[in-house]
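Every position in the sequence shown, counted from 1, becomes a number in our numbering once 89 is added.
For the record, the hints were derived by calculation from the structure and aren't laboratory data.
Idealized CB from N, CA, C, for every residue including glycine.
Hints may be right or wrong, so weigh each one.
Here are the simulated DSS-like pairs of lysine-lysine, each with C-alpha atoms no more than 25 Å apart in a straight line [what the hints assert, rightly or not]:
| # | residue 1 | residue 2 |
| --- | --- | --- |
| 1 | 169 | 216 |
| 2 | 216 | 244 |
| 3 | 208 | 224 |
The following label-pair restraints were derived from C-beta to C-beta distances [said to hold, decoys possible]:
| # | residue 1 | residue 2 | range |
| --- | --- | --- | --- |
| 4 | 114 | 187 | 19 to 27 Å |
| 5 | 111 | 146 | 36 to 44 Å |
| 6 | 149 | 210 | 25 to 33 Å |
| 7 | 163 | 114 | 27 to 35 Å |
| 8 | 111 | 190 | 21 to 29 Å |
| 9 | 179 | 227 | 20 to 28 Å |
| 10 | 184 | 242 | 29 to 37 Å |
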Amino acid sequence: MALILGIDPGSRFTGYGIINAVGNRLEYVSCGCLRLSTGSHCERLKQIFDGIGAVIQEFSPQESAIEEVFLGKSVSSALKLGQARGSAMVACLHHNLPVSEYAARAVKQSLVGNGNADKVQVEHMVKVLLGISGKLQQDAGDALAIAICHANTQKSLLKITQASSFRKGRFQL
Numbered sequence: 090m091a092l093i094l095g096i097d098p099g100s101r102f103t104g105y106g107i108i109n110a111v112g113n114r115l116e117y118v119s120c121g122c123l124r125l126s127t128g129s130h131c132e133r134l135k136q137i138f139d140g141i142g143a144v145i146q147e148f149s150p151q152e153s154a155i156e157e158v159f160l161g162k163s164v165s166s167a168l169k170l171g172q173a174r175g176s177a178m179v180a181c182l183h184h185n186l187p188v189s190e191y192a193a194r195a196v197k198q199s200l201v202g203n204g205n206a207d208k209v210q211v212e213h214m215v216k217v218l219l220g221i222s223g224k225l226q227q228d229a230g231d232a233l234a235i236a237i238c239h240a241n242t243q244k245s246l247l248k249i250t251q252a253s254s255f256r257k258g259r260f261q262l
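Make the full structure from the sequences, and use the hints.
Laid out in structure tokens, this is it:
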């Protein structure tokens, strides 16, 4: 059993989603968005740090995952996104929570089987995998997708590790 915190960082909205990975099952725990004020960029970075810290204190996840920076419309936007990611990552590390990073393409591939999937397909798979009905906030749904990607990746890594314990048909301890 592992509680996983997924984070979709942004300089205006930062989504978070928490799932519980129990064996091969994924269970929805919570999700939401930090709606950042219209204050200075530095003030919004502090709000991300404080908000993610509060989520960690409330739910006590064991692992966290965050989306990597992608170059969007402008270099300035990418820099602001990178700073928002940094603020969220430091909040996790401040609470001794390990952080894993995933590219948006890897998240889509993990959930939909296609790295070019659109947001509608990703949201649909999040809802199916977690048994959620109704509409998800976009940033919260993306954060849940990142958490699911992390759970899938960890499960695959465990299988690889277990498989390497077999040599010439014999189990090695």
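Verification of the hints:
Using a Cα cut-off of 25 Å, the hinted pair residue 169 and residue 216 is violated, with the two alpha carbons roughly 30 Å apart. Straight-line distance between C-alpha atoms of residue 216 and residue 244 comes to about 20 Å, which keeps the hinted pair within the 25 Å bound. With a CA separation close to 13 Å, the supplied pair residue 208 and residue 224 stays within the 25 Å bound. Taking the beta carbon of each, residue 114 and residue 187 are about 22 Å apart, inside 19 to 27 Å as hinted.
About 23 Å separates the C-beta atoms of residue 111 and residue 146, a value inconsistent with the hinted range of 36 to 44 Å. In this structure the hint that residue 149 and residue 210 lie 25 to 33 Å apart at CB holds, the actual value being about 32 Å. Roughly 41 Å separates the CB atoms of residue 163 and residue 114, a value that falls outside the hinted 27 to 35 Å. Distance hint check for residue 111 and residue 190: the Cβ-Cβ separation is about 24 Å, which falls inside the suggested range of 21 to 29 Å.
Evaluation of the 20 to 28 Å hint for residue 179 and residue 227 yields a pass: the beta carbon distance comes to about 24 Å. About 22 Å separates the C-beta atoms of residue 184 and residue 242, a value inconsistent with the hinted range of 29 to 37 Å.
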